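Number of protein chains: 2
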Amino acid sequence: MAKDFVKRSENYSEWYNELVSRAGLAENSAVRGCMVIKPYGYALWEKMQHQLDQMFKDTGHQNAYFPLFIPKSFLSREADHVEGFAKECAVVTHYRLKTNPDGSGVVVDPEARLEEELIVRPTSETIIWSTYKNWVKSYRDLPILCNQWANVVRWEMRTRMFLRTAEFLWQEGHTAHATREEAEIETKRMQEVYATFAEQWMAMPVVRGVKSANERFAGAVDTYSIEAMMQDGKALQAGTSHFLGQNFAKAFGVQFLNKENQLEYVWATSWGVSTRLIGALIMTHSDDNGLVLPPRLAPIQVAIVPIAKNEEQMNHINAKVEPIINELKARGISVTYDNRPEYKPGWKFNEYEFKGVPVRLAIGQRDIENGTCEVCRRDTLDKATLPIEGIVNHIVQLLDDIQNALFRRADEFRRQNTRKVDTWEQFTEEIEKGGFLLCHWDGTTETEEKIKELTKATIRCIPFDSAPEEGKCILTGRPSKQRVLFARAY
Amino acid sequence: MAKDFVKRSENYSEWYNELVSRAGLAENSAVRGCMVIKPYGYALWEKMQHQLDQMFKDTGHQNAYFPLFIPKSFLSREADHVEGFAKECAVVTHYRLKTNPDGSGVVVDPEARLEEELIVRPTSETIIWSTYKNWVKSYRDLPILCNQWANVVRWEMRTRMFLRTAEFLWQEGHTAHATREEAEIETKRMQEVYATFAEQWMAMPVVRGVKSANERFAGAVDTYSIEAMMQDGKALQAGTSHFLGQNFAKAFGVQFLNKENQLEYVWATSWGVSTRLIGALIMTHSDDNGLVLPPRLAPIQVAIVPIAKNEEQMNHINAKVEPIINELKARGISVTYDNRPEYKPGWKFNEYEFKGVPVRLAIGQRDIENGTCEVCRRDTLDKATLPIEGIVNHIVQLLDDIQNALFRRADEFRRQNTRKVDTWEQFTEEIEKGGFLLCHWDGTTETEEKIKELTKATIRCIPFDSAPEEGKCILTGRPSKQRVLFARAY
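Residue numbers (my numbering), protein chains in the order written: chain A, 8 to 497; chain B, 8 to 497.
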């Protein structure tokens with residue numbers, strides 16, 4: 008176990024921050040609110056990107072790239088949109104520096120002021136819909152199914168690595184359709200892509216649902232989301248897919264001639280997930296010994312550590328391990344063989360455990376004699392001595408088992424921490440324990456905000472699987488026809 | 008042939024702009040100097056990225072991500088560096104907008120002024136070396152071999168799509184080493200990686216060399232480059248690799264304890280290629296009929312067009328083509344089967360020709376009867392009717408042939424347009440014809456600048472393969488020991 012590493016039960020928040028930093032995932036930079044994503048953290052993001060990108064392409068999308076800067080006037084075109092983003096914008100006002108007249112460094116050149124300020128994109132609906140205007144003339148030009156991998160900036164006041172940073176990396180899909188129905192189908196399809204990715208790749212169960220009006224994306228008609236439960240019982244919104252109606256088409260005048268030769272406004276969706284998913288991944292599976300990564304996303308899936316007393320033994324082990332490594336690689340498994348002489352086996356064991364490598368093999372002289380090796384799985388820390396013969400098949404199976412076990416464990420945790428609550432007294436008590444509360448709500452923003460003010464809990468979503476049911480709002484007692492999901496959230 | 012498409016011989020510059028736009032690669036955006044990279048252009052970039060990324064990883068590098076913003080004071084730390092970039096910086100001065108008191112849209116909130124302005128990165132040496140300071144304590148922490156895929160901004164006054172834009176996409180490698188020698192080896196290794204990529208993947212021959220002092224990267228001790236010749240005879244710098252000495256280590260105080268327990272400054276390199284490569288690719292191979300893409304980078308390598316008079320014929324062709332498509336895909340070849348009924352075969356032929364798809368197959372009713380298909384290669388436009396039996400093997404070979412033929416053609420063109428020139432009179436005459444001129448130069452920046460002023464030609468590099476040779480500077484007549492490469496450049 009890592010030394011001086013704080014336990015989750017002692018201070019969950021500190022445990023998270025320390026884990027991110029000590030596992031080499033990320034660190035704070037010299038720029039307020041911006042992080043440096045270190046190689047190990049970025050390798051995790053690359054694995055996520057690779058799989059998501061494939062899923063986007065399999066559903067017919069293409070990548071493109073739109074400008075980092077948005078003219079200030081564009082942002083104002085859609086009223087709700089600007090309202091939602093204006094308060095946290097990085098604004099470029101000048102395009103040149105010059106030597107300080109007093110000789111000390113450089114200053115902004117006052118003569119190089121931009122006629123119109125540029126906003127560093129917080130999201131790209133406006134710049135993209137101003138572009139789509141030129142791409143769409145007739146129904147033949149639709150649908151447009153574009154995705155962009157990019158950095159965005161939102162000047163958040165309180166930041167935490169991965170979860171909330173001023174700059175973050177994400178993908179944003181922006182699609183244009185001829186009909187409302189087609190756009191709605193697309194919105195839900197992408198929510199389902201995200202849910203599939205979360206569950207099958209991140210081993211993180213999610214609730215699929217629709218946001219209340221109050222929690223909608225600025226400029227959306229409807230926002231669909233996937234919501235995950237972290238180990239402290241708080242909710243984390245892991246992905247959103249927005250049905251934008253014709254709002255942006257109207258703001259930017261994007262019309263098309265339909266088959267009947269009539270002009271219509273185009274229907275829009277947008278959807279995104281970000282490096283925030285890395286935070287979600289960490290807080291779903293990791294433990295007091297460090298990171299726990301699901302095998303399908305782990306940058307290193309198998310680490311092999313030789314235990315040799317001298318060079319001769321090391322040579323024996325090297326020779327024995329080589330075919331195992333080659334076979335694992337041929338099966339598409341990423342493997343590290345760590346025979347660095349400057350570190351001891353115990354140090355390496357701690358290192359790979361802390362970094363969440365799903366499977367660790369250890370091979371010593373006695374193993375060589377017996378034709379065995381020691382296999383340790385990160386999720387349970389169980390160890391077993393197994394024959395080297397057939398070890399690759401065993402590892403392939405074990406990686407699958409770990410992936411499934413992580414999902415089951417998280418799913419079980421979520422089930423245990425999801426409760427139906429019917430009175431206000433019960434609600435205020437239960438919300439302190441964390442977890443998801445399924446409650447009746449009268450459907451008004453006023454009540455929603457009052458509950459938030461009193462308990463810090465928000466409506467995470469109206470779950471799709473919430474059956475119709477007569478009930479009374481936990482706060483106001485007014486009638487309700489369906490339970491919604493309340494939780495405190497990241 | 009595409010209608011109304013300007014010829015290279017008429018107006019090379021217009022030909023380029025129109026090609027970029029009509030082939031769907033990119034377009035200018037609403038933001039001055041920033042382009043939109045459209046799906047087809049981005050697919051090309053993805054292919055480039057994929058291969059380069061593999062080559063970086065094969066040479067031991069890892070990806071990471073550093074902040075978009077650089078505190079203004081960081082830029083000033085290295086004197087040459089700030090001198091080189093200060094004049095073209097996008098500067099963030101505020102972090103909030105607010106509703107205009109007069110109710111019309113939003114304005115910058117004067118109360119949300121940053122204490123220190125942030126520069127949108129034009130390159131990341133400064134923010135990265137301020138980070139490396141925390142990563143390096145001892146020789147055991149070295150080398151650091153990081154690469155970053157990112158967007159950067161340089162406020163260029165005159166822009167052209169891909170070649171010179173205010174925002175562009177690139178990769179920047181930043182490495183840290185314990186010894187000068189190791190850093191120099193790294194600098195040259197990455198130059199060679201770029202040269203290999205240019206020649207083997209882009210089919211674009213390049214000259215490897217070192218820059219004159221005047222053309223060095225701002226802050227570098229030495230800049231190595233690869234230089235390509237475009238079809239108009241102008242040079243294009245396609246990639247640079249910088250040996251930075253200890254300049255940035257000194258600017259940011261990055262020291263390490265060596266094996267003798269003494270503090271030393273760290274040695275640095277940086278190296279980058281950008282979306283500019285797409286411009287180079289276009290201007291190396293494309294022709295008056297549109298794009299010509301080397302098979303190894305073409306987003307679509309094979310397009311198959313059915314020619315059917317009715318639905319029955321179309322069904323026959325569909326059935327015949329299916330196994331060909333499956334076999335091509337199984338061989339890793341990207342193929343498009345275009346049986347859209349709303350477009351005619353002739354339109355499709357033009358489309359794929361214009362988009363530079365290396366191989367086009369056409370299959371009609373008579374082909375079905377004869378067991379043949381028509382194969383057209385984009386580089387020569389040669390057509391041949393061939394048996395469907397064995398067609399996949401033929402295509403695989405043909406793609407290889409086209410790749411090689413494109414390189415040979417470009418190499419031959421470069422050879423024909425590279426000349427030794429020994430007098431000033433000859434120089435002024437020859438430079439007007441375009442191409443590379445190998446000339447003696449007295450080694451001074453003064454002469455270099457005078458030649459540029461008089462002829463617009465610059466020293467592209469001192470080629471590695473330029474043999475020692477006694478001679479006299481073409482302008483000043485002063486002694487020289489080696490020819491250097493002069494050209495007009497993009």
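Any given hint could turn out to be false.
Any copy, or any two copies together, can satisfy a pair, since identical chains are not distinguished.
Within a straight-line C-alpha distance of at most 20 Å, the following computed PhoX-like cross-link-like pairs (lysine-lysine) qualify [what the hints assert, rightly or not]:
no.	residue 1	residue 2
1	K257	K327
2	K64	K336
3	K459	K479
4	K440	K427
5	K241	K463
6	K94	K105
7	K54	K64
8	K241	K105
9	K257	K140
10	K463	K144
11	K266	K327
12	K105	K463
13	K266	K459
14	K336	K266
15	K427	K463
16	K457	K390
Keep in mind that the hints were calculated from the coordinates and are not lab data. A quick note: this is a predicted structure, and the numbers were derived from the prediction, not measured.
Query raised in the report: Against the structure shown, which of the earlier numbered hints fail to hold, in ascending order?
Result: Violated hints (numbers, rising): 1, 8, 10, 11, 12, 13, 14, 16; every other hint is consistent with the structure.
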